[in-house]
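Engineer: What follows is the residue order along each chain.
2 protein chains.
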Amino acid sequence: MKYTFNNILGNFILDEKFKIVDTKDKKKLEEVPKGKISLVLANFKDKKYYSEFYEKNLKLTKKGIKASISEDLLINQAIANIYELDKINNILIKRLREWVGLYLPEFEHSMSNQEKFVELIIENDKQELLKLIKLKESDCMGADLDESHLKEIRLLAKEIKELQALRKKHENYLEKVMVKYCPNLLELAGITIGAKLIELGRTLKHLAMLPASTVQLLGAEKALFRHLKTGSRSPKHGIIINHPLVQKAGRKDKGKAARMLADKLSLCARLDFFKGEFKAKEYRKILEEKLNIKV
Amino acid sequence: MKYTFNNILGNFILDEKFKIVDTKDKKKLEEVPKGKISLVLANFKDKKYYSEFYEKNLKLTKKGIKASISEDLLINQAIANIYELDKINNILIKRLREWVGLYLPEFEHSMSNQEKFVELIIENDKQELLKLIKLKESDCMGADLDESHLKEIRLLAKEIKELQALRKKHENYLEKVMVKYCPNLLELAGITIGAKLIELGRTLKHLAMLPASTVQLLGAEKALFRHLKTGSRSPKHGIIINHPLVQKAGRKDKGKAARMLADKLSLCARLDFFKGEFKAKEYRKILEEKLNIKV
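Sequence order for the protein chains is A and B. Mapping of the first sequence onto this note's numbering: position 225 corresponds to residue 225, and the numbering continues sequentially without gaps. Mapping of the second sequence onto this note's numbering: position 56 corresponds to residue 56, and the numbering continues sequentially without gaps.
I should point out that these hints are in silico values taken from the structure, not numbers from a laboratory. Treat the hints with care, since some could be wrong.
A pair holds if it fits inside one copy or across any two, identical chains being indistinguishable in the list.
Lysine to any residue pairs mimicking SDA-like chemistry, simulated, CA-CA at most 25 Å apart [unchecked claim]: (1) LYS134 to LEU287; (2) LYS131 to ILE69; (3) LYS168 to GLU147; (4) LYS62 to LEU102; (5) LYS56 to SER138; (6) LYS131 to ILE65; (7) LYS59 to LYS136; (8) LYS59 to ASP146; (9) LYS290 to GLU128; (10) LYS222 to ILE91.
All chains, please: the whole structure from these sequences, using the hints.
Structural biologist: Right under this line is the structure:
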């Protein structure tokens, strides 16, 4: 009677005393009975297997780690960087505004659109900017700075524009990854909200497993725990507050819109994870009709 | 008897009853006696002066604001932005390292020099990076990412390099401004510490008025107030801890080095504010000898 035994080192043939004979045998082999496993394992206490075990194990672990890098991790990195770029953009624009305020306070004050502000600073000199806000130079309260100072300010403005361009590129990249990986979520949630939902849920798999009510509150953990701890009002929406369907809903309907949207987003995540059909457009239409909002 | 009276509207001639006659008179005119000022001012309650007053006042205020923009404010903006760029650089490099770690964890781990890390990521593909750390691709634990993912990571690395270049340009700019405005402080403190001292002191004038013991602690306000409030150990140095003379001093000598350096920095600020001689090189030599440190 001979037995067969498999482990990461390969396939072994054992004799009736459960010693390794390590030959191929064409006869039908039986599996080792459960009670005798310890006898089999005793074979592998032999030192000659130690380094072999170590190496095979390492290889398998490395392979496991390699395989664990999924779209989820890539999406998480990109969306996290988009959020960081947004914060950085705010910091640097604040600095730019202060700096410009030294020589053109009236222009700084009158231009509230951030992107346009940066653009105009890069492309115009002081005279042209004064013309834009219809102000005579003699009326301007700003200092007369010479070109060496203005150059430095323009360098900062250019850098801000570059960072905004990088953010845009990250978005395009995310869209390309998501259109394959989670087309439904992408279609209904949009790029940044969709990616942020995956980041908040850690993986698409985990997001798909969450109840819709949790999806509704992802990103509002702070308010939720405050609610649980102090009894303050419970949050009605997390990150999905930024979705146009919630944004455009009337003040009283925001909670309802968030709940219905989270419901469908949850379905989207499940469809995407289980490689289901593309239904997001349908869902959007249903939501638009029920909420009477056109986005 | 006629009197003369000046205000921002111009020069007025008054008759003996203190009414404006507003003509030029070549006779010697007397100043209005103090007790009669209210009679003179009554003239200006006439509405015809109102808008004139308003406009002249506005013009003077604007002029005042314009004149208040000094090198101090420009230095403050530039050094504040350098500090922000440093923070941003740290945030983005951390992100880059995490992102690279997905496909080249071994490289990410082995390269501790930040600037070199960014440089190598920009200029090399995965194969070349693996060669640099002498690793076979099959041994690498990172995922096999295709070019579209790597491109995105490289874009971030390029942006980080741009930000580092902007920081360098800001430094050059500061040096140009400071070499004229505060050559002594620049020479002894260096660019970033010198500029930061002006920022912490708000202006060169104010910095020059501060006692050396305050200069020594500029930038350590938090530790100082903690000391005053809780009796914890008093701080021995603020921002000047980063100066090579303090850095290179032995652990026991740091306090002494900081005190002596602050002493001379304070003198430098005074020399610069009062347009005195250039003595910073001399001071540096004295400090080097006394502390037995060569920088």
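Engineer: Now tell me, hint by hint, if it's right for this structure.
Structural biologist: Hint check:
no., hint, result
1, LYS134 to LEU287, "neither (47 Å within a copy, 56 Å between copies)"
2, LYS131 to ILE69, "between (55 Å within a copy, 22 Å between copies)"
3, LYS168 to GLU147, "between (31 Å within a copy, 19 Å between copies)"
4, LYS62 to LEU102, "between (57 Å within a copy, 12 Å between copies)"
5, LYS56 to SER138, "between (80 Å within a copy, 13 Å between copies)"
6, LYS131 to ILE65, "between (60 Å within a copy, 21 Å between copies)"
7, LYS59 to LYS136, "between (73 Å within a copy, 13 Å between copies)"
8, LYS59 to ASP146, "between (64 Å within a copy, 22 Å between copies)"
9, LYS290 to GLU128, "neither (50 Å within a copy, 56 Å between copies)"
10, LYS222 to ILE91, "both (24 Å within a copy, 23 Å between copies)"
Violated hints, listed in ascending order, are 1 and 9; each of the other numbered hints is respected by the structure.
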